[in-house]
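Participant: Listed in order, the protein sequences are those of chains A and B.
Residue 1 is where the first sequence starts when you use my numbering, and the numbers rise one by one after that.
Residue 1 is where the second sequence starts when you use my numbering, and the numbers rise one by one after that.
Derived by calculation from the structure, the hints in this document are not laboratory data.
A portion of the hints provided could be inaccurate.
Heads up, simulated BS3-like pairs for lysine-lysine below, C-alpha to C-alpha not over 25 Å straight-line [said to hold, decoys possible]:
| no. | chain 1 | residue 1 | chain 2 | residue 2 |
| --- | --- | --- | --- | --- |
| 1 | A | K142 | B | K159 |
| 2 | A | K142 | B | K315 |
| 3 | A | K13 | B | K159 |
| 4 | A | K169 | B | K159 |
| 5 | B | K315 | B | K560 |
Okay, here's what each chain looks like letter by letter:
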Amino acid sequence: MTISKAVITAAGKDQTHLPLQTVVDRSGRARSALELVLAEVVSAGIEDIAIVVAPGEQDRYLAAAGSFASRLTFFIQHDPQGYGDAILRAQAFVGREMFLHLVGDHLYVSDHSQWSCAAQLVAVAQQEQCSVSAIQPTHESKLRFFGAIGGTPVAHAEKLYEITAIMEKPTPTQAEQSLIVAGQRSGYYLCFFGMHVLTPTIMDLLAEAKSTVAKTRTDASASLNLSDSLRKLIQREKYLAFQIQGQRFNIGETYGLLIAQMALALSGPDRDRILVELIELLARPK
Amino acid sequence: MVMRSLIDLIVSSDPAVRDLSIESQVGKMSRQVLLEQTRALDRFRRNHENLYERVRALFFLYAIHRFHLPNLVPESEVGKIGFEGHQHFLQRRFNEAIDVFLVEQERSGPSWAVSSALAAAYHRLAFQTLADQVRKSVKTVAGNRWMFRTGNPDEVPLKIRSELLERNAETGYPILRERTSVRMDFSHSAWSDIFFLGMDYPQGARVINASINLAVQGRHQSPEPPLDCCLRVIDRPVLRLVSIDLNAVVEITQLSQVFDFAADYVGLLKAAVIASGLVPAGLEGHQADIASVLRPLVGTGLGLEIVSRVNDIPKGSRLAVSTNLLGGLIALCMRATNQVSALTGSLTEADRRIVAARAILGEWLGGSGGGWQDSGGVWPGIKLIEGCAAAAGDPEFGISRGRLLPQHHVFSQTEVAAETRQRLQDSLILVHGGMAQNVGPILEMVTEKYLLRSDREWQARGAAIQILEQIVQHLSHGDIRAIGAATDQNFSGPLQAIIPWCTNAYTERLIARCRENYGPDFWGFWMLGGMAGGGMGFIFNPARKVEARQWLWELMKATKRELEHALPFAMDPVVYDFEINDQGTQAQMLSGGSYPVGYYPLLVPGWLRQDIQSLSNETRAELERVGQLCRDSEKDLASKLIARILPGKTDGSVSRQSLTELLEVNGFDPVAHQQLREDLLAGRLGLAQNLLPSTTTIEDVQAGDVVDCREPLPKSIMELGRAAIERGEVGVVTLAAGVGSRWTQGAGVVKALHPFVRMAGQHRSFLEIHLAKSQQTGRLHGRRPLHIVTTGYMTEQPIQAAVERWQQQNNVEGVFVSPGKSVGLRMIPTTRDLRFAWEEMPQQVLDQQQQKVRQSLRSALMNWAQSAGEAADYTDNLPMQCLHPVGHWFEVPNLLRNGLLNELLQNQPQLKYLLLHNVDTLGAAVEPGLLGMHIQSRACLSIEVITRRMEDRGGGLARVNDRVRLVEGLAMPNERDEFNLTFYNSMTTWIDIDQLLERFGLSRSTVGDAERVLKAVRQFARRLPTYITLKDVKKRWGNGQEDVFPVCQFEKLWGDMTSLADVSCQYLAVPTWRGQQLKDPAQLDGWLRDGSAATIERKCDFVA
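The shape of chain B in the complex, shown without the other chains (with noise of 0.2 Å):
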């Protein structure tokens, strides 16, 4: 094959070449031959017009600095992240970031540490142009740029119809409503409604979905169209925002109230405000009354009430529900303004189209953002929607091949019959399976490999498009059985083979269930949107359809059981009936007082707590039509007022019973507590104490400070580590008393058990890849180390069963679990140091509009603080979301304190060392060699250390006062000084039991002496500092909803140990895929690429 320069891959007007992949080209080439082909894409990137074409090039350098670079220089190549660089990328300024990245590659040649970086910023970067240009584009559609221009509100150029102003004495103002579908796809063409997928690729950005009503089984009696919007004048000067499903009354009398879009719940109908011009986005940052913008539009001493409900459809549905309410809510607002031809009834195509353009706006000012199909609820029916081609005139021509918004074609009866959409309601199951998923990292995913060409995706997405095909031509012909096996193939298919993570384990068990229990009547699996596990849809014989449906409804309950330890699920299973809906959004006009259900009872309460006076006339006139409502008619109403108004006996109670059982059995220390809380409160202790004194000397280490281990090791030593295998004197402590908060966002699902990768055919767990290391550390040196797993209050149980069932299915003994013995109650933060946190520690900029929606949670997040009461204790959420593991430090004297060491010392007194790792460092194993190095050093401690890259954030290790130790990210006092260092602290350890015993003042025959051991850890503990962190908790309520939380909890952590001077330590280099750690989903996809997760299945014996 002959070696193309990288760029032919860009410009190449031959699709031949243009679709080549980037692995395809640089596998064969040298390191010097690469970095000219950086050099030179670099170059082209600064000087080239073309949008996409700079994208591509972004997006190759990126992919070389990622993967293919570090292949061809040596882990022990020292290179440094330079600090201006980083400071620049965390401003999102990623061209000066890279500017001084290559400067430092230039200076010292190409190393781990800086490829690192220029792959982070040249990612951000690519993201960031194409971010841009969307803006641009949605901004520059016909219809949308007025509201940009308008400045002022005496410029606001909109008025209500006069139709909505005409007053009923008996009834008010009239009422606008607005009923709206959701969408539901039936294949995407593997994500391809990206928006940046169809400007670069048009032809093969291809989807169909339908608009569907729905009825929740069990809640609704027939399927409606879920999403309900109503508009009226009221007579005070006001825009009163009502979210029914969200609890949410906000009186808006400020326009810059109005761009505060995280300060309440009612975000997105801010967002549809401003999207539908009702308040342009022009007015952003305008300093005036809301009344100034409400004379024009409606008049003087009038104002306008917007309210939205959604029919009980939980989040994560992949129905797109947000994009269609605030498609809906723009097109009610947009018709309440003439701003659309009709008032009620249906929208024309044309109409149609603006309200989609506005609903990107919308997502886009609300810092979130689906694809281009997702307002398909506006349309009717089933429709193609594609991509098309930009043309002159266009503002995407010349830049993008593509245009930001695409085409529908409603399918005619002729085209699918009605025979058909009936077939396809009495075989496809709808559900929600109860997990909540982000599916933005998946997005981003998607994005890079098709603008790569990578070899594998590119071809599964040609897979795509053609069962796209496939469908169109089954829905034509009626073919459900076949639209269920190209769902289903799609699925299993191109869809995997692109994001093997848009399938889980409780997917997967599913689908299992349903071909084991069904045969040939289960006619396959449908994936709804991004990812499966929440929405998803399976298709059956119409013949079965009921049973199955209750089947399937219980089997999702029982799975979830079983698993909602290991997975995050927000809610219970829930089943859906279903119609397509052919009408697409429908108004209509009502006489006031013909508000939605649920609309009276939120708002009553309010205006009854109010002196009657103050409230306006027609609040008055409203209240007694609701009287004589309830009077005559509505008991149902009458119930439900009367339940909001007078107080109930809640399970606030039972929860704080619970509490109050769940700290005494943990081993809470109350006395401490409240220690804490006076330290916090008087500020002796705080996220600005954690850091050592700004005096500190700390630099990196020295040649002879660390001993490189990232090549193969003598043979002596090798054996020394390998027969002490062999006699059974090593066991692996992996630490796994957290819930890893940022792994599922502060879910408080048990990271250990999370089945997040597939290996050897099946989902495993972290757990499961540290035990099946252990089972091939026995296999290939004759004794399987014994394996101890640390837990804490919120992990022990499920990590027992999962231990016990483990151990039954490998048929092996020889794991044991070490249960907590302490626990913190979290608490409230103290405003200062959310402060610290978010004002003065370093912290990613975000995209513009994403990071305004950041500021306005965040001064919301310190309004709450106050409120609720600093450093007060956190008890508003589920009892184990109000506690704490408190540090891992902990987990290593809990092995004292509960008394497994010494049974284990007991049992196997030949046991002299300990590996003990961090649950998520994946690569952690027990290798001949570094316990061989462990052993001949005589140290207390061996720390495994790795070559510090842009994401190992955190300390690291370093000279600290002429020291050598390890140092805690929240410890440094100038965060210029970890860019200094050149080694990441892996926390995997290699321990001497004796020595560690004798540093506690104990030894093998006083272990087991509780009281003596309480003692001498109580005393250990006051010589480590006590950190206090901030961690993120989710508090779920409503249908999947969910409120994230920053709260305070206190930490010690494991690598102080090296702080002690009679604590021997020695530190040993290891290869990045054995000292790497998972934090995040979004690094699984690296991790996969770079080779790390082949490495690590390769050190598994997994039995099947």
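For reference, chain A alone in the conformation it holds in the complex (with noise of 0.2 Å):
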């Protein structure tokens, strides 16, 4: 099965902004954040793409798109119930078929010499034909800002994990008991990179978590979220985790956005021009 369907969600109440910040891209060029996330989907060979945004916003999401604006599929989350309920809000997008999901608060700098980490993700997928989660080693002091794995390495496939265990911002605490995974160094673990390739399943698993929620909550406040859905899908179907090459940033961390803009230029043409720059400024008094 191909790949060809990506969702992205943008609907949290803290991130409608973030997708709409300009940063200059690793050639130069000013561009929104979300036109960077589109450019990451597309470069996996992906046409179709769902937006889930907050009400209201479809048409500022539209003008930061740039020239991606024609293959976007809005989907609006009129309250906020959720990261898996923004994501179900996609169910028809998807239909039966794998797609591509990402974060719409991230960025993503690929290490490798071809590849974006949408593209080394989507790959893997394919080949193994199951949901995959892209992971990255994460120091156990940033657990809380991510959802962790335990897993077994895959035989004989490089940075290809079984997940057995997913955890939503655990503590160190409980990470150290339950997603210790061989071959990692002391203190980091396999954290979400913000980015998976799902089966259709996730979008039953979460119907039915919503069905639940809806039975046994009645408050508006009533929150479905991925995690819960994720760890299902490990007692459902193949799921794995795939290590990126390559970096994610979070640009709704305080300097997050300063950090990822460094990331990015660092990693284009003008390097050395930039780390000139760079040097001044630290070598200026304080």
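Put the two chains together into one complex; each comes in its own frame, and the hints tell you how they fit.
Facilitator: Structure, rendered in structure tokens:
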């Protein structure tokens, strides 16, 4: 099965403005963060892109999408009912196909000489024909920002893991007890990269979860997360994690956009020039 | 029996060989074979990988040098303990120390001195190796490791749960409250819950314990979880730690303060903060504000408050209060930071296990250490806790046979029925007997004995394991009477066979009275925790429990009154009500303002003392709420607040008055005291001034300086002495004016009366043993020597009463009490002396974390000395604890001043000689041979000396500027000199009365002239140096809490008599058992096992 669709979530209450930020890409052009995310998707050979936004944001996103605007299909999440609910909005768009999913508040910089991060992930998923989450070794002091997995390395496959446990924003105490993966540096855990290829089963699981939540909770704040359904996915079918050659930057963190910008700039052809500028800045008295 | 290599006993895979005792093998080895075995064992322990096999080899080496090799070496073989080796030993470089001692042994052959040094070094190295392993295992438990890697405040990965940040406009931030029970153990299979033992022999490490709620009879209505902890967010970026029961509030602003455990009374809360990861252990040493950690944890400008309260349970309850409080606090902090799954309610099994692992870590951080069952209060109900074999993947695998952490099986209602639990509650009376004891030495003794597989102890351990099995069966059948019989059998059988010191005269007396009074309705005694005397259980027929409870309480109070001078009691006995807690530790969220009893009376006065504008908004709002509470409903709170805020009449004036009276009555000299203070402040007196001039030459004695009396003496000499005894020419003087500070760590107990050892079927005190030796002298030599016991202000009345009782019981006379005639008032030490004692004097460095705690405590005590006023009178304690005896030299002149010697000389004019000895020199007795040697020499004094061993520090016999004399350790200008001395001073002295009187300028005819005697004593005293010493004194407060303070006092010492040119002295080398002094309870087990106790018992005639 080839992967031709992608779902980007950008409806979180603190993240609606983030994809609209302007950054300078690796070749020196000013572009919106959204444009860079869309470029990442397209680089993996995907043409149809769904984007889930909060009410009233569609026009701004269209404007920020630049040359990719025509490929977008918008879904609106009217109430902030969680990350899982946002993905579920695109159920009809996905149908019974595997799809790439990215979060709208992350930027990605590939360390691979030819392939973008999304392209690396899509290639593995197509080869394995199953759900694959991109992961990155992350220091335990950052665990509170990410979901993390426990798993076992897949034999004869580099940087590929069979997922056995998933925890959302674990403490190091929990991570040490449940998420140790052979071969990782001490104090590092395999955390989500903000990028997954998922089978349509995840939509079934999210729908089941939503129906359960609806039965048990009547308040508007009842929230549907993705991690619980991913955990169920482990029981349901083959589910792998792949360590991407690249980096992800959460632009929603303090200084996140700045650090992402520097990483982008230093990954491009003007690296030396930018380094010189940075050193001059560093050399100035405080 | 085949003689095996000792290494076979260690490495054999056959338990029948591996569990053979070392005694069974070495008894038949010659000296040469034994030495070869020690060499092989030493090579083995250096090269072998397996930790437990190395440790067993170390214990074997210790045992050989402590108990076996000395039996094959004549005591007269001279050996020296190298100074360099001793320095290594003090600095905990045990391997290097052993190397130095072994070189000396190879050079000059085995000797008592070198064997004692090797035994001490192997012993400490074994324990250090074990402690290092436990520390390593605790650090490597999954879930604990990250805390040691976090080295920067920016890396702190935890975040407080959002629920705790939801501020209510009316009541402020919510409170998370954790309530935890304590644990009561049915059996610990003879201390098998010690970490080392569970790791060595996991299949033997089994414990049954129950989580219980408590109520103190007369104080509380009904049993509740006694440990209460709260956590909330506060609007100041500080960490506020509050211990309600210890009256302590500490606001931490710097990271370094969190690691300063002994600076205040909230050390346990600090250990919980670190062990729970709020401030990870890896941040130790980081110089930063606490706000830098609180910012990512709680938010900018916010802080945390953690409050603990122990509901009136006294210290020493043997219910693991500290560990469970630590467990409760850690559970609370871990819930608050999402490290365990549940914010409120019960914990899951996985959560309880990580909390228990963190509690072990917290205990290690705080420099203490419990057993692995101790956090049992975190679990619910009654459970079986068992050691587990280490498996692949465990950090212990390949290192020890067992894991660090045990597994818990909570008995279901099917396994132990609800009726059984109820019947247990209806039968068992749980008490705190009031005694304060240190269980630490017992745990070391058990570890050593088990790892040596000593025959008697190993069999007893097997019996204890069987008893645990029986208790499990009885629990399942609901047979409480049988449980009582089993716990009773456990205590009287295996526990006492392994550690005789786990019982005491107080407990034995209580048990005997229970049996007498209740006969078959007394179902048994139940030892709790490590030893009896504090927390204990008594099981009665439920039909009589209510009446028995009141009776037992009265009995304990009365028995305590009888024995309080002899045994260390910290408080009056109490009786508890208890119930089994079937829920385990529980948490709930409360609205702000719902703090435990005692919080506001402790905090509010401090807030009121501050400028209202400087208080945070939350605190101001809280003050308003407290005001409203007082006005509306909480009259009790209002009265407690008033009691705190407004001064009331205290009993301080009463104490002050009785201190003044005591000083007057006991011959206090205020002029000399003031002079002493001035000299101390001016630096004319002090620890540094105790030293002899640095130009003094101190060398070992030469041949002929000492008469060797360790071998049988000539018959003619024996006959000379025997005839003198028969003629009534000799008397005994037992020096007992002091209280023996080291024996009970400054508890103020009369050491002479401490019934510390069982001899001839009963617990016997030091005094009883000395009197029993005189009895035997009388039986063997036709006349019992008269016996004088010298006393001081603190010991006179109790000793007088004990002597009268003893004389009545034995139907004899001739024991005299010599009252003290002088007393000093203790002073706050100068910081100069504290620094000298702690920084310049040699001393044993402690284990890593304990050393940190010690340094923290010393820094706090230094501040105390400065703030209380250097050289000021020490009066902040019970009046008796503020006084001090002025050194044992005065006890002889007191005999002259109080007229006792004159009276004795009048009544028994043939009296010519006195045998003077310290109360803790248990071997000292009138021996015809030694008396004969003294008579023949015509010396004024004959001093008994013994071969110096590792533990005999504090001077010895030396040539000082070419004159043979005793020199005190505190006068040694160069500590290296002490290591050249062969002989140690036992203090036991034969005195020629007439010559001594003559030296004082007196005679038999003038010794009755009080004025002349007083003048003579004063003149003589001026010829002897005055030493300044620091002594530990306990101050008791609260519920059995004890603080120990170093106080300054002065002394004149008997040994300095030998420095006077006109006092002729001879020196007699005697066997070690005769001259050894028992200063520290930790010596007891070795003293018993090396045969010294049995030798002394044979010298005693006890009347049943």
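Participant: Can you name, in rising order, the numbers of the hints this structure does not satisfy?
Facilitator: Violated: hint 2 alone.
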